[in-house]
Amino acid sequence: MSESMGVKTLIIDGQELSARAGQTILEVAQENEINIPTLCHLEGLSDVGACRLCLVEIKGSNKLLPACVATVHEGMEVITDSERLRKHRRTILELLFAERNHICSVCVSNGHCELQSLAQEQGLTHISLPYRNPALTIDASHERFTADHNRCILCMRCVRVCAEIEGAHIWDVMGRGINSIVITDLHEDWGSSACTRCGKCVQVCPTGALFDKSKIGSDHPKYPDFLPYLNLMREAR
Amino acid sequence: MTIEELEQIAKSVSQENAKYDFEVNVCMDLACMSQGADRLREALEKTAEASGKKVLIRRTGCMGPCSSGPLVRVDPDELLYHHVKDTNAEAIVGSLGGEPVQGLQCDLNEHFDKQVRVVLENAGHIDPEKIDDYISRDGYKALLTALTEMTPNGVIHRITESGLRGRGGGGYPTGLKWGTVAKAAGELKYVVCNGDEGDPGAFMDRSVMEGDPHRVIEGMAIAAYAVGANKGFIYVRAEYPIAVSRLTTALREARRRGLLGNNICNTPFCFDVEIRLGAGAFVCGEETALLASIEGRRGTPKPRPPYPAVSGLWGKPTLINNVETYANIAPIVRNGGKWFAGMGSERSKGTKVFALTGKITNTGLVEVPMGIKLREIIEVIGGGVPDGHTFKAVQTGGPSGGCIPAEMLDLGVSYDALMAVGSIMGSGGMIVMDDTSCMVNVARFFVEFCMTESCGKCIPCRAGTAQMFTLLTRICEGKGTMEDLDLLVGLCQTIKETSLCGLGMTAPNPVLSTIKYFKNEYIEHIVHKRCPAGVCNIEAPVPEAPMEVLA
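Residue numbers (my numbering), protein chains in the order written: chain Y, 1 to 237; chain C, 1 to 551.
Hints are supplied without guarantee of correctness; some may be wrong.
Where chain C lies over chain Y, by a calculated footprint (3+ residues, C-beta under 8 Å) [what the hints assert, rightly or not]:
(1) 11-20
(2) 23-35
(3) 62-70
(4) 90-100
(5) 201-215
Pairwise CB distance ranges, derived in the manner of DEER restraints [claimed, not checked]:
(6) C/G261 <-> Y/E16: 54 to 60 Å
(7) Y/N62 <-> C/K479: 34 to 40 Å
(8) Y/R132 <-> C/N263: 58 to 64 Å
(9) C/E376 <-> Y/G175: 42 to 48 Å
(10) Y/D212 <-> C/P241: 46 to 52 Å
Since the hints were derived computationally from the structure, they do not count as laboratory data.
Values in this document were obtained by computation on a predicted structure and should not be read as measured data.
We treat Cβ as the ideally placed atom computed from N, Cα and C, and that holds for glycine.
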């Protein structure tokens with residue numbers, strides 16, 4: 001990014017804004033308090049552009065771009081909210097709710113869940129797609145944490161935080177497509193894996209898939225905000 | 001190695017061949033091998049030796065009409081025998097110099113007359129494991145010409161002039177892609193050949209790699225010279241063991257002849273190629289997933305830009321083209337861009353290899369000029385639908401292509417024309433369906449393929465294909481409703497517009513195109529609970545209690 005230093009001007013939702021070259025659309029939007037829904041994105045982790053919720057329209061192009069990875073261009077005109085985008089976002093959220101067993105009323109993250117908040121924000125009131133109701137396991141072998149695959153949305157934040165920040169890389173993905181699942185080590189129980197018990201994955205998990213055993217019921221807010229701070233401190237050292 | 005030396009080799013090959021009165025070419029492509037071509041060749045060799053006639057028994061690559069295999073062509077008479085068994089060896093050897101063997105000869109003049117062979121020009125004529133055979137048919141001449149007489153820019157200009165577009169499916173202009181990689185900053189660059197052909201019913205790339213491996217290597221070497229790379233990778237799926245072994249042999253022979261390695265043809269140009277095997281994931285045919293797989297990571301795509309041309313293998317500028325694209329390079333460099341641009345249609349130049357499969361008489365490989373009508377490919381070259389059935393649809397472009405109905409058979413085949421009717425060129429698979437195919441079931445089959453081959457990274461493709469499959473299964477079982485159909489169409493649109501890579505973006509094509517052209521079949525399933533083709537097993541409708549879904 002340093003090689004292409006410069007300032008770009010662009011329009012997001014009618015607002016004329018300036019940005020540094022190399023910044024993503026999402027960064028610029030967030031700096032200017034324009035809300036773009038995100039799920040797999042988390043400040044402090046690398047971006048993968050996988051959840052597709054942050055797709056935005058670019059004037060003059062029919063293609064939708066993921067705001068978390070698409071960088072700004074001079075004069076680009078971004079639309080972050082439209083009927084088309086809302087329809088896609090609702091469908092994507094519906095797909096997630098129907099994919100596994102997301103039953104908010106009995107979930108430890110009820111009230112503190114990013115998926116739930118997004119559904120509320122996007123006005124998703126019911127699911128029209130057939131529920132898949134897969135039979136998935138719960139790994140409670142760890143002394144401090146539990147992994148409930150029923151609630152996992154495969155955002156891969158745990159995989160990224162463990163590899164990129166903690167440096168342990170015990171989380172990874174197994175399988176393909178609808179059968180993908182996050183695993184610890186080479187598909188061993190979390191409890192007997194090489195986990196360092198740092199708990200970062202639990203804090204960054206947007207849903208109730210990873211949770212702390214010591215927290216009861218719905219009293220389980222997560223604090224992923226430590227990440228940018230931690231990165232800042234590491235850079236400063 | 002110089003051009004004179006190449007000519008010397010070609011001369012000695014023709015002198016060697018002149019010692020024989022007859023050449024018996026046995027197709028040793030996977031399809032013919034599986035029907036006993038190996039045993040046939042041994043039998044032919046034995047009988048030829050015993051007969052005392054001067055006969056050269058040569059194993060070759062794919063001759064085309066795979067369903068008629070094993071195939072044998074006798075030169076110089078150009079007699080083509082089909083369905084040859086090892087027990088026919090004596091009759092064939094005995095007939096040399098006399099009358100052709102009765103009952104074995106196949107009449108496929110129409111099949112061959114309409115074809116124009118550029119990529120497949122050597123297939124069926126050379127031994128894929130002998131580099132000298134390739135050299136004798138102008139092989140490596142283009143590489144040496146490029147190295148000694150052309151600048152890298154000159155090569156790119158020639159490719160641009162030819163109008164060649166990527167044969168892997170996207171149809172991106174090859175010259176433009178080369179130019180981008182050539183201009184990309186950095187000393188270290190890579191060229192990659194995508195041989196991860198995974199579409200059901202497609203085998204063009206396999207046949208090229210099995211029948212003429214040097215053509216691919218030469219194309220890659222020319223590309224490397226043009227873009228300034230000196231390392232190449234061929235990514236082949238492990239399910240193609242014969243292709244892998246022939247490519248390995250070809251690379252060894254090319255190195256031995258000094259056509260790969262350091263200071264090729266006494267120029268400063270150095271280039272070598274490594275083979276990487278795919279582990280059976282369809283998504284690894286997507287370029288960013290393929291590169292991840294070469295790097296040894298999980299084969300999942302990533303958002304573009306940055307394109308591989310700017311940041312590819314290990315972050316370096318990388319040129320990635322399909323097998324067939326590379327196979328077109330040497331003839332273009334040899335004959336000029338204008339020659340290539342003289343074939344084909346307005347915006348799709350040259351020829352295209354198609355794998356004809358399904359309900360068609362002449363299953364196999366065909367190479368036709370772009371712009372040819374679908375009707376000609378299916379009815380004339382393919383010989384039409386067998387057993388008195390009627391043609392219903394042709395599916396182009398593999399699992400992510402669309403189904404084209406009979407009314408559109410007069411469509412000229414090109415990237416844009418196929419896109420306009422809701423299908424894609426894809427890598428060139430063509431699956432023909434007749435009145436015994438149920439289009440809903442066909443859509444379900446392809447969606448199931450995309451579902452199991454989705455990598456699982458992005459939500460629309462991972463969960464969306466699974467939902468499409470559930471809805472289509474309901475309809476096939478006679479349990480669907482008209483609301484399900486609307487839901488399906490809406491879902492298709494989201495998957496198409498929001499997926500991360502081409503797999504997801506094109507996965508709804510078979511569904512959307514069958515709904516567009518064969519909606520009556522969907523309605524028959526949903527409203528009248530019957531499958532017009534008699535494929536789907538729909539039980540007599542019993543009033544059943546509505547099932548409550550817990551949520």
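Okay, the hints, checked on the actual structure:
1. Look at the region 11-20 of chain Y against chain C: 0 of its residues bring a Cβ nearer than 8 Å to a Cβ of that chain, fewer than three, so the hint is violated.
2. Residue count for the region 23-35 of chain Y with a Cβ under 8 Å from a Cβ of chain C: 0. That is fewer than the three needed, and the coverage hint is violated.
3. With 4 residues having a Cβ less than 8 Å from any Cβ of chain C, the region 62-70 of chain Y passes the three-residue criterion, so the hint holds.
4. Coverage of the region 90-100 of chain Y by chain C holds [criterion: at least 3 residues with CB-CB distance below 8 Å; count 6].
5. Counting residues of the region 201-215 of chain Y whose CB falls under 8 Å from any CB of chain C gives 0; the rule of at least 3 is not met.
6. C/G261 and Y/E16 have their C-beta atoms about 57 Å apart, which keeps the hinted 54 to 60 Å range intact.
7. The hint said 34 to 40 Å for the Cβ distance between Y/N62 and C/K479, and at roughly 36 Å that hint holds.
8. Checked against the hint of 58 to 64 Å, the pair Y/R132 and C/N263 passes, with Cβ atoms roughly 60 Å apart.
9. A beta carbon spacing of about 44 Å between C/E376 and Y/G175 agrees with the range 42 to 48 Å that was offered as a hint.
10. A hinted range of 46 to 52 Å for the beta carbons of Y/D212 and C/P241 is consistent with their spacing of about 50 Å.
Violated hints, in rising order: 1, 2, 5; the structure is consistent with all others.
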